[in-house]
Amino acid sequence: MRHSNKSKKILALFLVLMFGFVIFLAVMLYTALHDRNLPSIFSEDTSKAQRGSIISADGYHIATTQKLYKAVVNTRNIDPDKRELFIQLFSIYSGMDSAEIRERLNTRKGTVTLSYHISPKEAMYLKTLAFELRRLGVFVEYETSGGERILQGLSILESGEARQYPYNNLLTPLLGYPRKMEENGYTRIYGIKGLEKFFDEELNPQQNKTQKALRDVNGYLILNKQSDFKRQINGLTIKLNIPIMLQSRIEIITDKHKEKLQADEIIATVMDSKSGKIIALASSNRFDPNHIRTQDYPSLNTNAIEYSYEPGSVIKPIIFSLLLDRGLINPYDMVNGHNGRFTMGTKTIVDEHAFSMISAEDVLVYSSNIGIAQLGQKLNGKEFTEGLERFGFTHFSGIDLPYEKRGSIPSSAQLNNYLYKAITSYGYGMRANPMQLVKAFNVFNNGGRLVNPMVVEALYDDNGRTIPMQVQAPTQVISPATAERMKQILIKTVNVGTGTIAKTPGLEVGGKTGTAHIAKNGGYVNSYHTSFIGFANDGKHSYTIGITVINPRTVYFASITAVPVFKAIVDLMVEEKYLRPDPAAAAAAAPAKEAPVIDSL
Amino acid sequence: MPDKKLFLLTTALITIGVICSYTLTAYTVVLFDYNDFHFVIRELIVAIISILIMWTLAQLDPDVWFHRLGLGLFFGGILLMIIMPFLPASLVSEVGGAKRWIKLFGFSIAPVEYFKVGFVYFLAWSFSRKLGHHGNMGVAEEFKRFMPYAAIFVIIMFLIAFMQNDLGQVVVLALTLAFMLFFAGSSFRFFMTLIGSAVGFFLFFILTAEHRINRILSWWASAQSTVLAFFPESIAKHLRIENAEEPYQIGHSLNAIHNGSIFGTGLGGGTFKLGFLSEVHTDFVLAGIAEEFGFIGVFGVTMLFVMLLHRLFKIANRSHDDTAYLFSLGVGLLITFAFIINAYGISGLTPIKGISVPFLSYGGSAMLASAIGVGMVIMVSKKIKYKSGDKK
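One line per chain: the protein sequences are A and B, in this order. With the numbering used here, the residue at position 121 of the first sequence is 121, and numbering never jumps. With the numbering used here, the residue at position 12 of the second sequence is 12, and numbering never jumps.
Honestly, the hints are just simulated from the structure, not real lab data. A portion of the hints provided could be inaccurate.
Said to hold, decoys possible - In silico DSSO-like pairs for lysine-lysine, Cα to Cα no more than 27 Å straight-line:
| # | chain 1 | residue 1 | chain 2 | residue 2 |
| --- | --- | --- | --- | --- |
| 1 | A | K8 | B | K4 |
| 2 | A | K70 | A | K82 |
| 3 | A | K9 | B | K103 |
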């Protein structure tokens, strides 16, 4: 054996190598346990939830939200040799002109935003591009003056959301409008008026999507069971009771009549009598919420609720029904018409049409101020105020819109005074908004029950689950018999009284006119609010329809200002199959039209 | 009796290698749009072949096959390395100007891996015939009898370091050569002279080029916190470079080790393997293991290598045939030096060399060649006659 101490040498070598292994393990243990600043191994991806849409009863998206993205790139990270490749590819993916991209890149050295208005679809393409560009090695590291090495690629970030109203001024001002707010570089939308305001909380995004997870070197998330995931919950979708096929045509009607009458505004409301659903709420004064101009400012209010005025004669049926319900009068009682001129204390009341003696019923049919002023005396002050309040006056109508003006009525004490009773009986000295009037009149067409008007049918979440609106149970205001009696009187008013223009063969149409002076600077001037609140029913459907004309200039009586608007809407509803006239009755009554009877003051 | 333990240890390491080739390539397969199983399928096939080859070699008669295989690998390897630069591009894979792989029937073969085993055999065979005990012949005399090997080594260095730009392999071969020389009978003095002149040459090599100095400095930036932790502060403060930045790869290698801590993130749970460490399934496989299996995993793997080395040295010690003795020793050194150079590299102790970890790093030729080396040791282990009372 030549190698005398072979075993010893091998053992020595083995120990030396063992020492090498031990050093390695010691260093590994030291590195594993010793403090060390690791780069973040987590990455977070957030996706902002969106504001909900507003859709019409017939399924049109009236207000929608689109998310916008921006494309940001650090020019220092673009390999100069591949700059042109970047520009060409970005142009193809984004649809931007390559010259524009080149110009943007040249604006400054460093972080440049190439576009702020990238649609979600384009953003998706561009995110793919960002990945490809990384793979193609378009981005290179650069060193800052502080010696930091930075590598950023193309970033596609959410820049905000934009509220869009594809039908421009449709459904305004009821729809309202939003405001943009910048929050941490992200543009958010808040409702300021109308439905956008009333349902702001419901429409607002509920929960942003966030994913927190381990990442790879490019910041892509590694989703596994440990990753933290919050799903995106968008704002609720609001579905209206209003179909835009009807709404838009009623808006056209209000526009036409506004022009013809040279009025300040015409407001039309159509309500389903049984449910209280508002199926149209139109104003002649609208605006485009996409672009609000200075001259639109007066139109921003939803005057159907934000405008209260002295309603005039449309109050008469309310007073009359209170009297009837309490058995204080009989429709066939005779009332002295005082030949159109009657002085009560210091106040002289005039009627447009003079009567000597007139039945209580005809006081309404021909709208006699003198008649109702006398009948109204039968109620005491408390009965008067309570009665009006039961019909909803001075209360919020309960409609799902903000900033409602509740109006006012004289106090019970005041209404113990005969003069207050007289004036309030024909609708002066009190204020109401058009919606309150429609709600009150609806009682007559709904068996004496008061229901709240509702613009919104229901809310829907992302999963299509329905969140129904809270509907107030109807309250019985007057007995069904009184309501039916009132309905017949109002039908008579249309058939032979002040509302004859509204007559529609084959349908049950009733209503009451009101023409009221506008008070200005402490006195009444020669401008008017004219109203017609009525109903139109076929065998199956019943609708309460309210028209308010603010300051018509060419003519002023309600019977030739508000009533024609009502009639046009009824005709439209027949055309749109909301109402189906009884064919036999329609054919029989085809010719003969009576001359309009002029309303009294 | 063939050495069963050696076979099992190697098989265990090969198995770990296959697992690594799956979990550590998670990012690479996405980046290059490969199939999820692109790497693991290939590695698995090679692993199965490697294990079968070890098995087969263990069955062969060492008196016939040991010599044939050894010289076959040596001359075959050297021949392939000589002709490789002249092969058409369709047959040779070129990476960064270095031609290291021959493409054949859809497989890439790295001749240097097979050559290393052949080289160890050649040295073992030749030393056992030509070299005896130095018998106090003097350094000059020893140098004279070493000259032919030095000449061969220079040719090899030229082929590998310059033609293939693979300095790491040369370092492993040089160290193996030096140690085998010593164990073949050279004097300790001569051994130290060789090591000393190698270190001198190495320093000269580094100091003559600025980019090599920078590389050393950048290595020191990452190594200092670890190394200086073992020195007293009075010495450490003179050696510390302030505000130095770690090289990217080493930095992330250390991040991975730290992220794994003691118990690791768990199989598949690593983060720094996802593109931070670009070579995680090859050169940084130990960092990948450290991240997913923690210090415990690294310790286990290191223990497997220690046990492997122990087996190889035991066989060397027990071998009565000098060629088998030197060959077993050489294979052990080959595997251990590769492991240690890589391990010190990824832990920031020495400047990184592009050398892979035997059995664990992804790469078919390296695994196959190492398996052949071990297989040949198992083959010769059959001839050991254990005395009664010897532990097996």
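Each hint, compared with the structure:
{"no.": "1", "hint": "K8/A x K4/B", "in the structure": "holds (25 Å)"}
{"no.": "2", "hint": "K70/A x K82/A", "in the structure": "holds (22 Å)"}
{"no.": "3", "hint": "K9/A x K103/B", "in the structure": "violated (42 Å)"}
Checked against the numbered hints above, the structure violates only hint 3.
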